Amino acid sequence: MPDPRPPIIRFDQASFGFPGLIALKDISLTIYDGEFIGVIGPNGSGKTTLCRAVLGLLAPVEGHLHIFDCACDELRCYHRAKIGYLPQKGVVDRNFPVTVLETVMMGRYGALGLFTRPGRKDRDIAMEALTQVGMDSYRDNALGQLSGGQQQRVFIARALAQQPKVLILDEPTTGLDITTQHNVIELVQHLHDELKLTVLLITHDINMIRSRVDRLVLLKTRLFAAASPAEVLKPEILHQVYGKELVITDKDLVIVEDYHHHH
Amino acid sequence: MLDLLAYDFMQRSLLAAAMVGGLCSVIGVFVVLRGLAFVGAGTSHAAFAGVALGYLIGWPPLLLAIVFGLATVWITGWVEERGRMKLDVSIGILYTTTMALGILFIGLMKSYNAEVYGYLFGSVLSVTPEELSIIGVLSVLVLGLLLLFAKELYFIAFDQEMAEASGIPARQIFFLLLTLVALTVVISLKTVGAILVFAMILIPASTAYQLTHSLTALTLYSATIGILTSVAGVLISALWDVPSGPTIVLLATTIFFIAVFFSPKRVKRARLVHSH
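Residue numbers (the numbering used here), protein chains in the order written: chain U, 486 to 748; chain F, 120 to 395.
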């Protein structure tokens, strides 16, 4: 059955990487407006490459990628500003001297374009984004002094300040404690529901997102599956990517079987 | 001291020092934050090779300094972008190559040329009215461009890829920053000299870095420190008859260490350690 929502991102037999070193091969995938997509796959499976492609930072070496009905290598600054991005933790220098509000204001810069200074309206948008992630009372704090979970919230607010249509999060829960991980995912779901954002969430934590996403995209250089969690989380599908040690428990948890316990 | 201020040469050098001090310390903020500290050092030596070549073949030294400086930063930026080589390695190679060229050019000169050494060690007290107007025009140009692209420059210093992803023409802004660094170095050559200009770019911004968590405050503090130390350095050097370049730099370094010692960031960190 065709999806009634308009497509927003369309990969058409697209490959990414360099000749001789292909990170993603022959990807055909359509993402619809307002979808919540979880992207899973082992380390080095091309998840971050997929992100960078959707951000318009990488053109396909073969095939096509359309974002907002626009070939990705013809993406204008205006388009890029419509995609909010939370990079993998550790990419950003956490000791950079910047306050929380200054960080979030950066989300406005791309949308404003060159030669335009951020004004009161941009400040209001930034403050609203901070309120949405529950960090408005920290606006004048130094970014570097916040906890890992709080920093992630601020970076999500920075992405929201772009007033994006699409939100891409690259392993947003890595390095956070288990409660904070849960809170961050909860926040992402809330933003998806409230702001009708299309969300691409890259994660290793299949169990945490399986009940929340519309579709799971399973990658290992090639696209192994892009369907509802119930259809993707089957042993025969997961084994192709993760190996035979992965099992699904009677409570539907995906775990790695530890043979040492059995012997 | 007031008699001293009545001299034309003194007024010129104070003005030159204030402009160069302000300019270096403002661009220094972006250099420190973007991790381009060593680029400043490499560029100043390349620019000096340009000056030496200018004197050797009878071309305007500042023009060749700009050519050499720009060539160095653009090659550096290109190498970093391609990810072929670590930035410090490529700068290290260019740095020593251009320095070798500079020494070679000086060696090829038939006679001893004191003016060349002025560019190496700085001689702010001998700034001519023409040089002052060149410094003035270039300073306005560089500061104007920094101001015009301030928000983009901050963003690429924070995270270039994130900036590009959110619609900033990040590559172009990065090359603009490199170009402005090269121009700043050339503007400052006559005042603080090729060896010490690097310190003027690095130290005020690093001092301000100790004192604040805000980008705006960082820039303001850095500019204030840069201008004050430069002006004070020139006054001290005229009063006590010591070379101006080292005086400015040593003054800035002293303030840097005081700032490190009293840094609110450091104090806070110490408290955190004690409370655990």
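Treat the hints as calculated values from the structure; they're not laboratory data. Values in this document were obtained by computation on a predicted structure and should not be read as measured data. For every residue, glycine included, the Cβ atom is placed at its ideal position computed from N, Cα and C. Please note: incorrect hints may appear among the correct ones.
Unchecked claim - Quick list of the computed label-pair ranges, beta carbon to beta carbon:
no., chain 1, residue 1, chain 2, residue 2, range
1, F, PRO383, U, THR616, 21 to 31 Å
2, F, LEU124, U, THR616, 52 to 62 Å
3, U, GLU559, F, GLY263, 46 to 56 Å
4, F, GLY154, U, ASN626, 47 to 57 Å
5, F, THR215, U, GLU671, 49 to 59 Å
6, F, PHE240, U, SER632, 48 to 58 Å
Cross-check of the supplied hints:
Between PRO383 of chain F and THR616 of chain U the CB atoms are about 28 Å apart, so this pair conforms to the stated range of 21 to 31 Å. Between LEU124 of chain F and THR616 of chain U the CB atoms are about 55 Å apart, so this pair conforms to the stated range of 52 to 62 Å. Between GLU559 of chain U and GLY263 of chain F the CB atoms are about 32 Å apart, so this pair departs from the stated range of 46 to 56 Å. Roughly 24 Å separates the CB atoms of GLY154 of chain F and ASN626 of chain U, a value that falls outside the hinted 47 to 57 Å.
Between THR215 of chain F and GLU671 of chain U, the C-beta spacing of about 55 Å keeps the proposed range 49 to 59 Å intact. With their beta carbons about 49 Å apart, PHE240 of chain F and SER632 of chain U fall inside the hinted range of 48 to 58 Å.
Consistency with the previously given hints fails for numbers 3 and 4, ordered from lowest to highest.
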